[in-house]
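Colleague: Sequences listed follow chains D and B, in order.
Residue 1 is where the first sequence starts when you use full-length UniProt numbering, and the numbers rise one by one after that.
Residue 1 is where the second sequence starts when you use full-length UniProt numbering, and the numbers rise one by one after that.
FYI, nobody ran anything at the bench for these hints, they're computed from the structure.
Be aware that a few hints might be false.
To be verified - Partial pick of chain D residues on the chain B-facing surface, computed with a CB cut under 10 Å:
1. Val110
2. Val118
3. Trp128
4. Leu246
5. Leu271
C-beta atoms are modelled at their ideal positions from N, C-alpha and C, and glycine is treated no differently.
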Amino acid sequence: MTTTAPPGSQRRTEPPTAPADGRRAVLRRIRSGNGFVFVLPFLLVFALFMVWPIVQGLWMSFTDSSLALRDTSFVGLDNYTEAFGDPDVWSSLGNTVFFTAISSVPLVLVALAMALLVHSGLAGQWAWRLAFFAPYLLPVTVVTLIWTWLYQPELGLGNQFLDTLGMEPVGWLSDESVAMWSIAALTVWWTVGFNFLLYLAALQSLPTTFDEAAALDGAGAWRRLWSITLPQLRRTTGLVAMLQVLASLKVFDQIYILTKGGPNGSTRPVLEYVYDVGFTGYRLGYASAVSYLFFALIIVVSLVQFRLFRRED
Amino acid sequence: MSANATPVRARRRPPREAAGSPLLLGHGRLPRILAGTALVVLAVVWLVPFLWAIATSVQSEEDVATTGLSPFKGALTLDSYTEILERGNVSVWAFNSFLIAGLVTLLTVVVSTLAAYGFSRGTFRGRRALLAVTVAAIMIPPQLLVVPLFDQMLLFHMVDTYAAVILPQVVAPMMVFILKRFFDGIPKELEEAARIDGASEFRVFRSIVLPLSRPIVAAVAIFVFIGAWNNFMWPFIVTNDPDLMTLPVGLATVKDAYGIQYAQSMASALLAALPLIVVFLLFQRRIVNSVATTGLGGS
Numbered sequence: 001m002t003t004t005a006p007p008g009s010q011r012r013t014e015p016p017t018a019p020a021d022g023r024r025a026v027l028r029r030i031r032s033g034n035g036f037v038f039v040l041p042f043l044l045v046f047a048l049f050m051v052w053p054i055v056q057g058l059w060m061s062f063t064d065s066s067l068a069l070r071d072t073s074f075v076g077l078d079n080y081t082e083a084f085g086d087p088d089v090w091s092s093l094g095n096t097v098f099f100t101a102i103s104s105v106p107l108v109l110v111a112l113a114m115a116l117l118v119h120s121g122l123a124g125q126w127a128w129r130l131a132f133f134a135p136y137l138l139p140v141t142v143v144t145l146i147w148t149w150l151y152q153p154e155l156g157l158g159n160q161f162l163d164t165l166g167m168e169p170v171g172w173l174s175d176e177s178v179a180m181w182s183i184a185a186l187t188v189w190w191t192v193g194f195n196f197l198l199y200l201a202a203l204q205s206l207p208t209t210f211d212e213a214a215a216l217d218g219a220g221a222w223r224r225l226w227s228i229t230l231p232q233l234r235r236t237t238g239l240v241a242m243l244q245v246l247a248s249l250k251v252f253d254q255i256y257i258l259t260k261g262g263p264n265g266s267t268r269p270v271l272e273y274v275y276d277v278g279f280t281g282y283r284l285g286y287a288s289a290v291s292y293l294f295f296a297l298i299i300v301v302s303l304v305q306f307r308l309f310r311r312e313d
Numbered sequence: 001m002s003a004n005a006t007p008v009r010a011r012r013r014p015p016r017e018a019a020g021s022p023l024l025l026g027h028g029r030l031p032r033i034l035a036g037t038a039l040v041v042l043a044v045v046w047l048v049p050f051l052w053a054i055a056t057s058v059q060s061e062e063d064v065a066t067t068g069l070s071p072f073k074g075a076l077t078l079d080s081y082t083e084i085l086e087r088g089n090v091s092v093w094a095f096n097s098f099l100i101a102g103l104v105t106l107l108t109v110v111v112s113t114l115a116a117y118g119f120s121r122g123t124f125r126g127r128r129a130l131l132a133v134t135v136a137a138i139m140i141p142p143q144l145l146v147v148p149l150f151d152q153m154l155l156f157h158m159v160d161t162y163a164a165v166i167l168p169q170v171v172a173p174m175m176v177f178i179l180k181r182f183f184d185g186i187p188k189e190l191e192e193a194a195r196i197d198g199a200s201e202f203r204v205f206r207s208i209v210l211p212l213s214r215p216i217v218a219a220v221a222i223f224v225f226i227g228a229w230n231n232f233m234w235p236f237i238v239t240n241d242p243d244l245m246t247l248p249v250g251l252a253t254v255k256d257a258y259g260i261q262y263a264q265s266m267a268s269a270l271l272a273a274l275p276l277i278v279v280f281l282l283f284q285r286r287i288v289n290s291v292a293t294t295g296l297g298g299s
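Chain D extracted, bound-state conformation (with noise of 0.2 Å):
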């Protein structure tokens, strides 16, 4: 209505009709620029494989769906009570969590050793960085396949290590009991050096002055890193370790490479059952079942860990 008159006379004279008009504008502008559409291509992939395939694989939870056969059929609560007496479930949940336990706690602390000592100042910085974080960009396969032939029986770097320190050789992935620690050991390597960055941030960005003047006071190095610098890093550690424990329970790429979950089930996670099941034995609703009681669990760690972290605040 109103737009024949130029923009520059329009503010000095204001028309009657002007705010009535000003306030639709603006309102026009709120309805288009909502920024709703923004958010539209996110919902759209968000719907589409992540709230899909949730819903979805409830629903599988509650039927007998097998790749193997189309046709499927309500079968209630049964899958979730036949996990529940799985004698293979409850060894892979074992296995996830002695594997969580056993990686957790060196992932952190050499993570916590690697950044104090980067960050004490000594030459080459970049080149400790380059050390440590360089395995952390390799892919799964590669890590594997260095790690295979280090654990070789007969010709590996380990067990030729032992030998000329004149011990036994070791059946590093053929040993039950040593073949989830060789895993463990192959994953601190691997990913050690995220949680070393994390640390080494945390570092740089805590205010030297109590240091400083602790210094001034006379306190030694070890006793300004324990009375100083550990506590300054607990909420850091607290982070780091809450991201561990989470990235820990879902291990799976490594070992089903690796051992495949062997030797004897030894070594296999829940999610390997969970692809086993789905993917080898066909039974997707099953496998579904299993999934979700795990999922069930992580939320569970995931919450008791949050209480956790907002007490120490």
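Here the structure of chain D is known, so what remains is to put chain B in place on it, guided by the hints.
Modeller: Below, chain B without anything else, positioned relative to chain D:
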């Protein structure tokens, strides 16, 4: 959310690239020597697997298979590298990896920055609820969705296509959340001026918010790329055609075929490792900062 929050975090860098804290060790010589020794030992332990792999890869298969503590003894040869490259699989897989990781990164960055902007500046109804759902989705491990997701791909007849590998990886609620939080910290005054001048929302996003967010967008892109390049489980499940496989998947399928050919297996491992190591050397500083910004959110 506070209006006076300035985008300082955008520029924040760990103070001085390599300074460290000389204070930490004090002036005594002993702590310095001890720390130095520990550092060297750790670094050597971390590099040994690489060195052992390199040393093995430049031997002939016979030398590797026969001599004792061999990899440092036999005559040097690049046979295993040439043989692998001639066989061609590795280059096809490397191409697929670049293509897939590149597209995943591009799509994820576009979709996530747009969504983050919408969540940060939008006024549409249900915004808070949708954001809450997105944040909750961060907790869901994607590995748990492979079974229904595979079923879905069967339904769409998408098994063994690039799209099936790429599209599910584009959903990155974590990245949306990180970006949204960053956008929240950018003061709105700049945008208000542009809006008064009649700039469209998209214009405001592209010419004001995005340029101010370059470091965080780069950080997100780097992490999405590393994640996509190294992703194993999903591409492994959804591709059977060797011509569509990524490097990690392809190498896993031939791992057993290499049998005891350790020189070739090490050569292929190193070839597959090279691209990201080069990327790291080029963008080292940016990557290190990325971990700080995305990992801890500067807390």
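Colleague: Now tell me if each hint is right for this structure.
Modeller: Okay, the hints, checked on the actual structure:
Interface restraint check for Val110 of chain D: the shortest CB-CB distance to chain B comes to about 8 Å, inside 10 Å, so the restraint holds. Interface restraint check for Val118 of chain D: the shortest CB-CB distance to chain B comes to about 7 Å, inside 10 Å, so the restraint holds. Among the interface hints, the one on Trp128 of chain D holds; its C-beta lies about 6 Å from the nearest C-beta in chain B, closer than the 10 Å criterion. Given hint, Leu246 of chain D at the interface with chain B, holds; its Cβ is 8 Å from that chain's nearest Cβ, closer than 10 Å.
Because the beta carbon of Leu271 of chain D sits about 5 Å from the nearest beta carbon in chain B, less than 10 Å, this interface hint is met.
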